[in-house]
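These protein sequence lines are chains H and S, in that order.
Under this note's numbering, residue 160 is the last one in the first sequence; the count climbs by one each step, no gaps.
Under this note's numbering, residue 241 is the last one in the second sequence; the count climbs by one each step, no gaps.
Everything labelled a hint here was simulated from the structure, so no lab data went into it.
Be aware that a few hints might be false.
[Unchecked claim] From the structure, some residues in chain S lie toward chain H, with a derived Cβ separation under 8 Å:
no.	residue
1	Phe129
2	Ala132
3	Leu134
4	Leu135
5	Arg223
6	Lys224
7	Ser225
8	Tyr226
9	Leu230
10	Ala231
11	Pro233
12	Arg234
No residue lacks a Cβ here, since even glycine has one placed at the ideal position from N, Cα and C.
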Amino acid sequence: MSGLDFMTTRFETALGWGRKFSLFHYPFITACCGMEYMSTACAHFDIDRFGAGLTRFSPRQADLLLVVGTITHKLAPVLRTVYDQMLEPKWVIAFGACAVSGGIYQNYAVVQGVDRVVPVDIYIPGCPPRPEMVLDGLMKLQDKIQHQKQDWRWAKKP
Amino acid sequence: MGQETLIDEIRTKLGAAVESVSESCGDRVVTIRPQALRPAMAALREAPFDFAILLDMTCVDFSEPAGRFELVYHLYSISRNVRLRLKASVAAADPAVETLVGLWKNADWLEREVFDMFGVRFDGHPYLRRLLTYEGFEGHPLRKSYPWRLAQPRIRLKDKD
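With the rest of the complex left out, here is chain S (with noise of 0.2 Å):
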């Protein structure tokens, strides 16, 4: 099955939720309206679609107040053998998404990744903490508002500046 049905397949079913449809280095990207996000991956993780499988989430900080952090996520279906990529733009103010880890379990600690590194919430994670960084360290790295160069050390470290 060509990927062009299989985007009006998506278009078709997913109707209002999906944003717009683009295209990246011969790769079809379907941006989805945020606040549709859980459903519409709920239905693309059922058949016809069969996306079994996340294979990775991410998030990118374009800075902007308006659809400052694009949510990243790479699907892949074992039976149709296709990957997809679908984004997904929240605000800057108080950015917050659902979480998908009742769809797929490995969306847990990729989702506390995006939380400790970006600090979008997922709503209804049932574990939402810091995963990369240490208890106490302040502020979100990744976001292009942390200071560059900012480190927040344990324990006192001898200064040779």
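Next up, chain H with everything else stripped away, as it sits in the complex (with noise of 0.2 Å):
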């Protein structure tokens, strides 16, 4: 941009870009897709390249929960009440092939998918899942929150 002092655009393009940006994600880990989060999440493939890099330890800071590792059916509860404290705009991951669709279980403790109980924006299968997975997961949500619908205070409701 040199000899310019100003640049256009759009508001909604310019607030997806930085939303995009800063995800803070709350990672909701319950099985052994964690350690695929930890080398994700960890210097080898960095998440922080991607603008992830900042972990909130309380969903009440977060923008984006991860799903990562079976739910039963006896901690559904707790992950619609860790959703609902999330604060809007917020975006879902589901990590793995037990969060997508229960996995290998099939069962009297499984959810068959944690869709059932939050809803999800992007799914990453694999049991567990690559890192390059992971990213590229994480890649295609930054996509949809660019292009999305920007909802913020001032915007006028339907």
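Dock chain to chain to rebuild the complex, using the hints, since each chain is given by itself in its own frame.
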């Protein structure tokens, strides 16, 4: 931008750009996929490169819920509460086969996909998914955030 | 001390409480009459057997009216460095045995788990309540008679089917 002291953009685009690169995530980790989440989050794969490096351990400070691992019927109300405590705008990633569909478990205990409990934006399959897949899913979510209709405080509500 | 002498000692000590002795993968299995379970275990807990550790306790459902539930106990003796597997079969109608909480403290949760999963009652247990499933859960999920895939959600789930 040498020689220019201004730039033009659309407000919604700027808001989407800001939101997609400042994802504060809340890891809801229950199972072995957590190891894969850790390697994704740490220096080798480093989700901080995508602006999602700030892990929050309170849902009230987070806007991305990572459901990592098996969710049982016993745990489902807890997950629902955590989702309800998050502030808008918020997004959810179902991380791993168990979170996506129940995975190898189809029995009395396991919820057959977390989208029965909370709305899911991105599904990352795999048992467990490779970190590359997680980063791919994260970039797809960023794409979705960039192109969605942005909700903000003074936006006109229908 | 070899396993043979140990089994002989157990037979002599427990007498009629021992139903049979068999072998599985090189390990001796002693089957005990369920009515005599508690005194037999108490005898094994003391010297000279000294089975101070209850390693594990679980149950198998064979779906037969007689001897439907087979309780399996794994004991370990530190002083003798020997492991022992004990079994006791209980019938399908009102399955119950005496609790072993007084002998091994960890029997508390192990028995609660078996009660939760199989519905076997442990008489004299201080706090026989479900351990793994939640309040309001009906039936015992590891029984063969429990409907396959029957879930009991605690909250209303979105239906995908």
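Going through the hints against the structure:
Below 8 Å, beta-carbon pairs count as interface contacts, and S/Phe129 has none with chain H, the closest being about 38 Å; its hint is therefore violated. For S/Ala132, the suggested interface contact is broken, since its CB lies about 34 Å from the closest CB of chain H, more than 8 Å. For S/Leu134, the interface hint is violated, the least distance from its beta-carbon to any beta-carbon of chain H being 26 Å, above 8 Å. The beta carbon of S/Leu135 comes no nearer than 25 Å to any beta carbon in chain H, farther than 8 Å, and the hint placing it at the interface is violated.
Interface hint at S/Arg223: violated, since its Cβ lies 11 Å from the closest Cβ of chain H, which is beyond the 8 Å cut-off. With its C-beta approaching chain H no nearer than about 13 Å, S/Lys224 sits outside the 8 Å limit, and its interface hint is violated. About 13 Å separates the beta-carbon of S/Ser225 from the nearest beta-carbon of chain H, more than 8 Å, and the hint is not met. A cut of 8 Å between beta carbons decides the hint on S/Tyr226: the least distance to chain H is about 7 Å, and the hint holds.
With 8 Å as the threshold, the beta carbon of S/Leu230 comes within range of chain H, its nearest partner Cβ sitting at about 6 Å, so the hint holds. Residue-level restraint check for S/Ala231 holds (minimum Cβ-Cβ distance to chain H is 6 Å; threshold 8 Å). A least Cβ separation of about 5 Å between S/Pro233 and chain H falls short of the 8 Å threshold, and the interface hint therefore holds. The beta carbon of S/Arg234 comes within 5 Å of a beta carbon in chain H, closer than 8 Å, and the hint placing it at the interface holds.
Hints 1, 2, 3, 4, 5, 6 and 7 from the earlier list are contradicted by this structure; the remaining hints agree with it.
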